[in-house]
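Student: Build the full structure now, drawing on both the sequences and the hints.
What follows is the residue order along each chain.
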Amino acid sequence: MGESASLPIAVRQLTKAYGAVHALDHVDLDVKSGEFLTLLGPSGSGKTTLLMVLAGFVRPDSGSVRFGTQEVVRLAPHKRNVGMVFQNYALFPHMDVAANIAFPLKLRGVRSEEIARRVASALELVQLGGYGVRHIDQLSGGQRQRVALARAIVFEPRIVLMDEPLSALDKQLREAMQLELRRLHERLGTTTIYVTHDQREALTMSDRIAVINHGKVMQLDAPRRIYDRPANRFVAEFIGESAFLNVDVAAGQCRFAGRTIEVRNMPAVEGRCQLMLRPERLRILDQNEPVAANVLDGVVTNMVFQGDTLLLHVRLGDGSAISVRGPSNEAGVAKVPGIGNPIRLGLGAGDAIILPADGG
Amino acid sequence: MRAHSKDPTLSAPNAAGLALDARRERWIMLGLTAPALSLVTIIMIAPIVWLFSLSLLADDGTFSLEHYRRLLEQPSYRRNFIVTFEISLLTTAIAIALGYPLAYVLAQLPRRAASLCLIAVLLPFWTSLLVRTYAWLVLLQRQGLINKWGIAHGWWSEPLALVHNFSGTLIGTVHIMLPFLILPVYGTMKSIDGSLMNAAANLGASPARAFWSVYFPLSLPGLMAGALIVFILSLGFYVTPAVLGGGKVSMVSNRIANDIEIFFNWGAASALGVVLLTLTLIVVYAAARLLGLSRIAGAGHAP
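Protein sequence lines correspond, in order, to chains A and B.
Residue numbers for the first sequence follow the working numbering, beginning at 10 and rising by one.
Residue numbers for the second sequence follow the working numbering, beginning at 43 and rising by one.
These are calculated hints, taken from the structure and not from any lab test.
Any given hint could be a false lead.
In silico contact screen, one side only, chain B against chain A (beta carbon under 7 Å); selected entries [to be verified]:
(1) S53
(2) L245
(3) A247
(4) A250
(5) V256
Since the structure is predicted, the reported quantities are computational estimates derived from the model, not experimental observations.
Just so you know, even glycine gets a beta-carbon here, dropped at the ideal spot from N, CA and C.
Tutor: As structure tokens, this is what we get:
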């Protein structure tokens, strides 16, 4: 399973409509060779349709898909040579584990000793050595997941597609598998496209994330930039928690409730804009601390203990409601004024994100 | 306090009452099965025992294997059994050839269209077996619709012998039996996860290869169940062979009717019945051993 055995993917003007609904609306997407790219979006956003078009199960209305230099948009699925992990695993119930994994090798005319060797090494790779003779219905969900993965990579495809492969697993197993998939990707170096609606999963695993909504790519960026520098209100709201304040921007200066808010990355906008706040990026300040800029004053309206954090609901002077996340330890709780009391919040210049007012 | 661990009402509260409830529930369940159970005993088991005893009695009422000896010695009886198995095997084979592809198409259709087509498949069940059989007579006989059309269009000049023979019997039997094959096959096919075919294609299987290596094996339990039902029903089929065979195709059931109605020979008829029943049980047993009865009985459910 060599490192060079991966291909870039180029998607151009890909369009697919179901009646009046645009599942894919002139999508352009470039996936680099060896990259782990996640398609992230709410259900019905078109992310799964895009994956199905790449696999060849859905015929688009128009557009181009290239694997490397080869145009594949009209190529039958069984000639595409991409591995796929299905949401429900799609393991063949009438074959044992080894036969499932050997299936793509047999179709490719691999000699039987070679098949046995590669099946064994694929099982080792997904930490299921010795499970070859098991029947599918004797496996747990996590084990089925691994078998599906082994089957998808055993024939050394240059591209691997994954359709919400971890969504059926419980939280702990899912988090362990996320790291394992990531480790496997680093080892194999295969171009991987991963579909999920779980933002944390996307942030954990991806080299880059394509946030998709209404059949369009809303933003394509590294996880850190998707979170810290959302391109528009949809991305800001879909990923992480956020609140929005109406602010005025004039001559590169942002003002809210009579105070200046310093913004490190100020976009070229003027007039009424929106300031995005992340609850965990706000700091609770001492009430009497004399500060001039990047301060929000409000009143605590509710306090929710959530185990690892303490969530405060705060009403600001202009009536807008925001939330603040603070540590739930004793020192953290001691800093919080009680419900109904005034609170002063600090915002770092790097954490202040300005978005156009229309929500763009 | 002293009696705490000894007194069952204290160490296990309500145990006696709960056990009583469980017993009562079992009796109620048994009571529910009683009518069906007694009916089966009275109208199935008892006549079979009576038949079996009849077959072992000679005409003078003494014990004898005479009827069974005659079954072996008279070539006409052997012909009855050969014809019966020929008709049953051919019916099963033709029903598979016609029914399996139809069930496959039905299973691919959207739900609404599939329901309409299934109603069409089931429609024959709503009319009398005899009516359907005589309808075939209207179509197939020398002056029937098919011969009239064929001759009128100049496809053939003499009326074809389509009925009152082996092929007429076969046509009628296949028609009657087809739904018994289609339904279990369709049920099994509907339970096959559609993503399995996608997975097979993704792994490099052409549509034909994917069908034979994934879809067909998974539909096999339903096909076996349907084929077994058709075969067994055909073995004991009476009405359609009687009408469409025109007396020229004598299956075991027709011979039994003859023995009773014409010769009043209950002993011979009983022996035939016993042998047919035994052969049927052997077929079921062999199929069960070969394929696993649970798989056949479980056809239509996900594996």
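Student: Grab the minimum C-beta distance from S53 (chain B) to chain A and call the hint holds if it beats 7 Å, violated otherwise.
Tutor: violated, 38 Å
Student: Per the CB criterion, is L245 (chain B) less than 7 Å away from chain A?
Tutor: holds, 4 Å
Student: Take the shortest C-beta to C-beta distance between A250 (chain B) and chain A; is it under 7 Å?
Tutor: At 10 Å from the nearest chain A Cβ, A250 (chain B) fails the 7 Å test, so the hint is violated.
Student: Quick check on V256 (chain B) please, does its C-beta sit within 7 Å of some C-beta on chain A?
Tutor: holds, 6 Å
Student: For the hint on A247 (chain B), just tell me whether its beta-carbon gets within less than 7 Å of chain A.
Tutor: The hint holds - A247 (chain B) has a Cβ within 7 Å of chain A, the shortest such distance being about 6 Å.
Comparing the model with each earlier hint shows violations of hints 1, 4; every other hint is respected.
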